[in-house]
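**Student:** Listed here are the chains, written in short residue letters.
Protein chains: 2
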Amino acid sequence: MIVLSGGTGTPKLLLGLKKVLPWSELTVVANTADDLWVSGNLVSPDLDTVLYTLAGMIDRSKWWGIEDDSFETHDFLSRLGFRELLAIGDIDRAVHIFRSELLREGLTLSMATERLCKVLKIEEKVLPMTDDPVSTMVSTPEGEMHLQEFWVGRGGRPEVKAVRFRGMEDAHPALEFLAALEKAKEDGEPVLIGPSNPVSSIGPILALRGIRNLLNEGKRKRSGEGKGEKGKKKIRVVAISPLVGGKPLSGPAAKFMRAWGYPVSDQGVADLLGCVDLLVVSPESDYQGHSVRLDTVMRDEEDSLRLAEEIVKILDEETETEAET
Amino acid sequence: MIVLSGGTGTPKLLLGLKKVLPWSELTVVANTADDLWVSGNLVSPDLDTVLYTLAGMIDRSKWWGIEDDSFETHDFLSRLGFRELLAIGDIDRAVHIFRSELLREGLTLSMATERLCKVLKIEEKVLPMTDDPVSTMVSTPEGEMHLQEFWVGRGGRPEVKAVRFRGMEDAHPALEFLAALEKAKEDGEPVLIGPSNPVSSIGPILALRGIRNLLNEGKRKRSGEGKGEKGKKKIRVVAISPLVGGKPLSGPAAKFMRAWGYPVSDQGVADLLGCVDLLVVSPESDYQGHSVRLDTVMRDEEDSLRLAEEIVKILDEETETEAET
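Just so you know, the sequences run in chain order A and B. For the first sequence, position 161 (counting from the first letter as 1) is numbered 161 according to my numbering, and the numbering increases by one without interruption. For the second sequence, position 209 (counting from the first letter as 1) is numbered 209 according to my numbering, and the numbering increases by one without interruption.
Only chain A is shown next, with the shape it has when bound in the complex:
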């Protein structure tokens, strides 16, 4: 299974998927459009959260950073009157340095991530969506700013006039991401879009050259139905809506969806993603497309495990249905 991941909702699900699936069946592709050089090193918030989750190090009270990390450097910077945009823990910073030193040596982000997986003893495959720099930029009445400045620096308060992915036109999907999708098409392996922000977490992954086409290949036009043209191989895409009761559980998804002209609803999520065969929505949803209703709120590890089990079951059933078609 290929999981497209942002930073909070999807990693929560990964906690469960890691227990349900053998490691060899899990490939996680993380959004990197939140990435930012902070204090001399590349912080990759979504990639880091995925790595820390799979390594069993994630701070589960915040869903960023490392459990029981100290903040000596960050706190002393504050004492010096310097505002470090992200609160980087000391161990977290070591990971950023490790990655950035490899990049400075000339390695790609994919190669650096592979090395990080190795030293953090992560067996699942974790891939950045691209090796090229892409930045989600948010236009506000105070000017355009990086997503992290908008969300962390300004607490997500400014009005959002537009959201764009700077650098996207020159970016290519990571080679291993493309290879994984090609293999998924051959093997009938599904792509799971986790419950992450459809604009700023999943949006950049799908906006990469060729990705949405590849996910829609072999499907009927306007197929919200998940049925394909007979015989032609295609990738089944199952997405978990990040909305519960018509609202995102966390993050700036609502503002961003509106800025892109989509209603903040499951239909809006499906339309925005534009490649979904089956949408998992919360029980009270009025979504009319091909869908399954599940409790998608993950309060603790037990919830993560339950949802992961249900998702895997649905994917298996879908595969059987597909095979019968």
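Hints listed in this document are in silico derivations from the structure and should not be mistaken for laboratory results. Because the structure is a prediction, the values reported are computed rather than measured. Among the clues, some could well be false.
To give a feel for the contact side, a few chain B residues facing chain A, derived at Cβ under 8 Å [stated by the list, open to error]: (1) S70; (2) E72; (3) I91; (4) A94; (5) V119; (6) I314.
Output of the computed footprint for chain B on chain A, the stretches with three or more beta carbons under 8 Å from beta carbons of chain B [what the hints assert, rightly or not]: (7) 39-50; (8) 78-85; (9) 90-97.
For every residue, glycine included, the Cβ atom is placed at its ideal position computed from N, Cα and C.
Since the structure of chain A is provided, determine the placement of chain B on it from the hints.
**Tutor:** Relative to the frame of chain A, chain B by itself:
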């Protein structure tokens, strides 16, 4: 008083000078040819040691780094299998980040150092010798390497074939350093060369364009005697030899002096520096030039204070003698 400083001996003396002199009378110019970008940020070992000493933060057991600092990030990098060339403490790293963020914003090293002095509540003036990048490079049978790689990375073990200052030809002395020297000439203020490595700590400062000439201006040719041409303003230079019993107390001075073709002796130090009016040597020295014999070993703060008092007294007496000439 302008003090030219390297990284261990001179800072030890500064501990005493800081108590003997009012802060407004102390200007410290630090060597920056040891500087190195480590883990994304500029480490300036000699400048840092001077700053930490004057801020009362220096780790006096090692004479680098900050007292009671933790090493969370550095240690975790080791656990990841990454060798960080210098053991950077977490608080120490915050200082490097503070400095490097200012440099990334476009400030000069002088401006960044001024800001650091302010936030560290240092009242004395601390200047980097230059705002331009200069690196002491050591040629060994294993190839040429940065001084830090030679000394910290290889424990100073390789044979030294040559020592050069990379970037020196394009470097200018910091403007404030030049201004301080001009003012010293006007006011009859002395320059004190601390007991630091004459090749790699003091050498780069004196090798900067115009500095040695400025220090020798108005002096008789070959004046080891400290006497000047009548009437002409000149800068009196007093140096403390880093040798005790014909050997440096710490650091690679002996290897470096030999590589430059100088004997490891006080005469060698005086010749190498090439601008000294009075050399302070240890009691057993056989140095024949204009000199004062003092116990220059600083085992603790008391020693630092004693030597500082003696040095200030000598400088005052020299000033009187000069005035009589």
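**Student:** Run every hint past the structure and note whether it holds.
**Tutor:** Right, here's what the structure says about each hint:
1. At a threshold of 8 Å, the smallest CB-CB gap from S70/B to chain A is about 5 Å, leaving the interface hint in force.
2. Among the interface hints, the one on E72/B holds; its C-beta lies about 3 Å from the nearest C-beta in chain A, closer than the 8 Å criterion.
3. Satisfaction of the interface hint for I91/B is found here, the shortest Cβ-Cβ separation to chain A being roughly 5 Å, below the 8 Å cut-off.
4. Given the 8 Å rule on beta carbons, the hint for A94/B holds: about 4 Å separates it from the nearest Cβ of chain A.
5. Given the 8 Å rule on beta carbons, the hint for V119/B holds: about 5 Å separates it from the nearest Cβ of chain A.
6. Taking 8 Å as the C-beta cut-off, the interface hint given for I314/B is violated, the closest approach to chain A being about 38 Å.
7. Counting residues of the region 39-50 of chain A whose beta carbon lies closer than 8 Å to any beta carbon of chain B gives 3, which meets the minimum of three for the stated coverage.
8. Counting residues of the region 78-85 of chain A whose beta-carbon sits less than 8 Å from any beta-carbon of chain B gives 4, enough to reach three: the coverage restraint holds.
9. Given a C-beta distance limit of less than 8 Å, the hint that chain B covers the region 90-97 of chain A holds, as 6 residues qualify and 3 suffice.
Comparing the model with each numbered hint stated earlier shows that hint 6 is the single one that does not hold.
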